[in-house]
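K.L.:
Keeping the supplied structure of chain A fixed, place chain B upon it in accordance with the hints.
In case you want the letters, here they are:
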Amino acid sequence: MTLALIGVNHKTAPIALREKIAIGRDDLAETTRALAATPGVAECMIVSTCNRVELLSVVESPDAPVAGFLSSYFGIDASILAPHLYEYHDKDAVSHLFRMAASLDSMVVGEPQILGQVKEAFAVARAAGTVSGQLEHLLQSAFAAAKRARSETGIGSNSVSIASVAVDMARKIFGSLEGRTVFLVGAGKMSEIAARHLVQQGAGAILVSNRTAERARRMAEEFSGAVVPQVIAFDQLYEAASRADIVISSTGAPHPIFRREHGQAFLQKRRNRPMFFIDIAVPRDVDPEMNELDGIFVYDIDDLQQVAASHMEERSRQAVDAETLIAAEVERFQLRQRTVNVAPAIVALQKKAEEIRVAEIERIHSRLGTLSAEQLAAVEALTRGLVNKFLHPPMQALKQAARDGDESRLETLCDEWSVSSAALAEAQPASEPSAKTEPESPSAEDPESKRVLNLRVFEGGKRARR
Amino acid sequence: MYLLWLRVAAVLYAGGCVSIFPAVLSKSLPWRKTCVHLGGMAFFFHFVSVVEMLVQAHRVMPVGVREIESLLGFAVAGLFFLAWWLYDAISLGIFALPATFLLVFIPSLGPDRYWFPSQRVWMSWLVAHIIALLLAYAALCFSLLASMLYLVQERRIKSKFKSGPKAGKTQRWQPLEWLPPLDTLERLALATLEFGFPCMTVGLLIGSVLVQETSLGAAYFLDPNILASFVMWIVYATLLLLRRGMGMRGRRAAYVSGGALVVMMAVWAINFFSQVHRFGPQ
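Top line first, the protein sequences correspond to chains A and B. Note that the numbering used here has the first sequence beginning at 1, numbered continuously upward. Note that the numbering used here has the second sequence beginning at 1, numbered continuously upward.
These aren't lab readings, by the way, just hints derived from the structure by calculation. There's no promise every hint is true.
As the list claims (entries may be wrong) - Below, computed lysine-lysine pairings styled on DSSO-like, alpha-carbon distance capped at 27 Å:
no., chain 1, residue 1, chain 2, residue 2
1, B, Lys-27, A, Lys-269
2, A, Lys-269, A, Lys-172
3, A, Lys-147, A, Lys-119
4, A, Lys-91, A, Lys-147
5, A, Lys-11, B, Lys-158
6, A, Lys-20, A, Lys-189
7, A, Lys-147, A, Lys-172
8, B, Lys-33, A, Lys-269
9, A, Lys-389, A, Lys-351
10, A, Lys-11, A, Lys-91
11, A, Lys-351, A, Lys-399
12, A, Lys-189, A, Lys-11
13, A, Lys-91, A, Lys-399
14, B, Lys-158, A, Lys-172
15, A, Lys-20, A, Lys-119
16, A, Lys-172, A, Lys-119
17, B, Lys-158, A, Lys-269
18, A, Lys-20, B, Lys-158
With the rest of the complex left out, here is chain A (with noise of 0.2 Å):
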């Protein structure tokens, strides 16, 4: 098994593409399904922002045929989408995947929004029946990974954001933003996260559409802070949007909501005061052209970027140790799959050294004559405590060696301790972290396991007694 990860981002594809291949919320399980469906695939689940289209996978073999998906679902000839294509495997993946959880690689270095977009695509491929093992373990220690490097280091400080850069470009616009009116069409995360810094910079009211009227409703009561806002219906849209001299767009639509021609009579009806539009939705709702108007200042996603740039030398110090801590935490990942790929090897070699055991107190059982039960338990102690004093030199080295990746040294304990290599050889490839092959709870040192072995033990005492 291997992983994959198959995508495009801001920095590979243009947003002209990747507004093409963007996957809405309410298609994404039914996308994921059907990638699940896509021959040679064992799990898997996507990532789909307007920043970033991503496929993960455990595929069966590297030749799965999970890139020539996105053309196939989306009907874009291969050769075009293929140059914006990046393509990662196994511990490349794991390193991509865990950067970008923890923002190394979004437009605004530190930004919260895509550790809860990767949740949420998680929690959507999980609820799709995609994900299981493999992933599961992945995406947990994702999730650790990025919540330490937030915590630890100070990407996630001082808030630059696609909304705080949004903010400085209205306070370019506009001066102070004391009074100013901000419109939110379509109740995305990230416009209401926008709205806030405004509202915070002094804007003085809040207006809010949506499609669905009820959805409005909702974020405008979850809207708590010192403005009010004022739910629009989405029919009185171009009326309203006159009256803002902030719009914040983030509709779903297909196509621009905000035209070229709606844009000359906002300025007619508002005497040429300026508008300022921040389009944050792919596609995108706000028709480029009218950029041309004067008066009206247009910014998407990708023109956000541009300006992000300026802010990201505050973080960029942050970020080289936001990338270490990263690093650290992708080799303690394949680390730790190294040791569960071990396991089964060492719960063989425990389970070996048990069987000799029990097999010699049955042996000599009768030679001990009328032992009371303390005593027994006596004989017990001692021959479990040389089994273990015993096993952990081997143990240690299996770790060791699997620590090390030394494939090598690895077979050649197993056939030093007549452990079958099968049992190794059947966890490596697909590094299943199963509850079966977790290393924790077979270990020697562990105290579950010792509780299993003890029992075990007793049983075979007692059957031995019989």
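P.N.:
Frame of chain A; chain B shown alone:
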């Protein structure tokens, strides 16, 4: 007696001039009413003055420059009120009322030349004239500068900071990072115009009073420099009307300001062709 009515009319026209600007530029209803009332009363007293002047002289034809000026002012005011009555075109008052006031002001001083009580008083008025006009030109310069900076800042924001070869690089656009926000520049351009326009008006009025003491008379107003100054006043009023009254903003307003800059340069250049009013070495 006609002189008294003319002076009353001049004072009322002056009040109308003051009230026409908030009435048109801020669309203030109280100011509009005030302006119409003051202007209407001024027109009435002006009419009384004109009739009395002609009846007293036992003729229907005006004689002399001052009488013609007064009648011309009466005609301008009459046309303005006609336009207001027929088309509600009160915004024309921005040009008509100050022009009428200017035309009435000189004749209202009397049939003879006005003589200042002393050279010192005359000098004080001259200083006030110079300061008012310099302030007006300085304000206009500032307004034009703000408009030019607006164009630069607007271009930066519109182009999303991609104008340079190293698009998106911070270093490329940092040198212009000090530029104020667009709204600030817009306000600055308008505020300086609003400050400069009264200065320009006062400066020209004082100049008109000062010149009647000279022997040049009406010929003075045919001098290219003086004519250009009045053109400049019209440009000023037009800029204000476009920005404040008609809501012209942004790039278009900045381009119009660019046109005003050209006019201003022309006015300064014309100075060198003037025979009667020339700055610097004669």
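K.L.:
Any of the earlier hints contradicted here, and which numbers?
P.N.:
7, 16
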